[in-house]
Structure formats: structure tokens, C-alpha cells
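Protein chains in written order, with this note's numbering: chain A, 873 to 1032; chain B, 11 to 171.
The set of hints was computed from the structure by calculation and includes no laboratory data. Note that this is a predicted model, so its numbers are computed, not measured. There is no bait here: all hints are sound.
Derived EDC-like pairs (lysine to aspartate or glutamate); straight-line CA-CA distance at most 20 angstroms:
(1) Lys-135/B <-> Asp-104/B
(2) Lys-162/B <-> Glu-65/B
(3) Lys-883/A <-> Glu-27/B
(4) Lys-18/B <-> Asp-889/A
(5) Lys-883/A <-> Glu-17/B
(6) Lys-22/B <-> Asp-889/A
(7) Lys-30/B <-> Glu-888/A
(8) Lys-883/A <-> Asp-15/B
(9) Lys-73/B <-> Glu-38/B
(10) Lys-73/B <-> Asp-138/B
(11) Lys-77/B <-> Asp-59/B
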Amino acid sequence: MKMKYPNFINKILYLEDLRAIKNLKNDYALGCDEVFCRGCPEPLLGLFTPDAVWDVGRFGRFEGVGSIKECLEEIRESYVYSIHYFTNPRIDIQGYRAEGRWNLWALYTDVKEQDLILTGTEDDNYQKFQNKWFIKEMRLDVHFQAPLFKGWHGLIGESL
Amino acid sequence: MVDRDVEKRIQKLEDIEAIKRLKFDYAEGCDLVANQNNLEPLLKVFTEDAVWDGEAFGKHIGKTAIKEFLSGIPTMLTYSMHHFTNPRVVVDGDQAQGRWYLLAFFTDVDDNDLVLIGIEDDEYKKVDGQWLISSMILTTHSQAPLSEGWYKSVTEKFGLK
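Turn these sequences into a full structure, and let the hints steer you where they fit.
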């Protein structure tokens, strides 16, 4: 089969990889929300390669799962709630590596009971290992994180 | 002749796309109920024995009960728009499960603008070649007037005890 229809199989594999990477990002969103809502970092940490880089802009840059874990364990000191909505996936796959760019809007409540809205983009690198996709690098570019009742004018990020 | 394994892989990809389309039809159906008092498009997405569990909106079992509930929506809401994102769909033959993030905007009959934040867990069944919703469970994180924000509800649900 593989000898007879190599391009055909590759097309299916591409669609399956695309699906798997989108699911990885949805699991990433759920994992983030487990951290913010319940202080539980394990589901999120399982999505990274051991040497992953997690660059969350103004919130810091963390290399390696151990370092990412330390950051995640501190989040509940500042926040009680989050929900991360990811849209507009732009994914390019090259064999066992892939790149993704997503739009993000997220809603938070901090420990001072202040509601916040964040928008931005996330640029990801993914790596396939033993038939499973992982996040190797993620870079968040925050456009704004604004209190709900103040709006975002005057808070647009320097990158823009 | 395409071999059986390849056919199954293509079928699964097509099923996932069909289920995503079903959910977007569900969203549009929800909005047509509030915006145009039109129940029929929404009712088409359910199996006859479907369960619609809307938490504060009640649990309704079977298409007849769902229809009865929906017919009361226009007396509560004058506007709705449902945005579903982050689809997580798992297909197993003629059955499937899905988890979606939801952000919805409503206006009620007293002119209050409302924001609903939550997650929907669905079950789907393929009936005569067509995917339908057999169960929907809404987990509401917050439903509150825009002017109040969501902190009251989420602090109660997720805040440090």
C-alpha cells in the first residue's frame, strides 16, 4: 500500500498530524486552566518536551520542564480563575517538526477579585516523539492584559 | 481499491469535521431560538432520546422535553450569540465525544446584557449516516451581567477555600 500510494498516505498523515496538533493546543488550554483554577500543573507539564522553552512575554521566560513547573506552582498566588480561548490556527508541518501560530483571548480573575481580559498571539514549535506531538517552544506575545472595567486603550503591547 | 485501514483513517477525519460542523449548527440553532423564535433548526441536531443538561437552565430528556424548554427561551432572552472554540473531539465508530469552550453573549427581556462562560461536554451518535447530539452537559463558570464581570461566580467555584 505504502509503495503504491505514497502521496495518498502522506496526505492522510498530514491531516492526522494537523488534528493531533490542534488537539495538543486544546489540551494546552485545558492544562493552563487547571493551573489557574485548581493549582494543578501536571496535565500541562505532560504536554512539553523535557527541554521545552515557555516564553510568556512580560511574565517571564522558562527553560526546561523543571523551571516551567516552578513558575506554574506560583500562579495560584496571584490568580483564582482562567479560561483560554484559542482561535485562528496557522499550522505548518515538516515531518517530525511543526510550527503553529494562534490567536488567544483569555479571561482571568485575580486574587483581588479583579476580572481581566488578555489578548495576544502564541507562536509554537512542536516535535513528534514516539508518534505523539509535544510542545517544544511557545512564545506568547501579549497585546494587552486589561481590567474588564477599564478597557484596553493605552495598554497595547510594545511589539505592536 | 483502498485498503480497510486507510479507509478507516479517512472516515475518522471526516467524522471529526462533520461533528465540528454539527456543533456550529447547534450554536446557530441556539441563536435562532432567541433571535427569531425559530426552534426547528436546533431540534434537528438532536437524537430523539437526547439529553440537554443546561445546569441552571434545567435538565431536559428527549426531544419533546427539549422543545418545550426551548419554546420558553424567547420569553427570557431577546438576543444570543454562542461562540464555541477549542474543540476536542474523539470518535469511536458510530459514537463520539466532544468538549468545547463556550463564550456566549445574551440580552434578556429586561435589557440586561449577559456574558456566559463555560464548557460543554457532548456525546454524539451517528444515525443513518448523520451525526447527531445525544447528550450535552453545560458546566457554567459564570453567567452574569456584563456590568458585574465574572469574579463572583468563579471565586465561589475556584477560589481558595
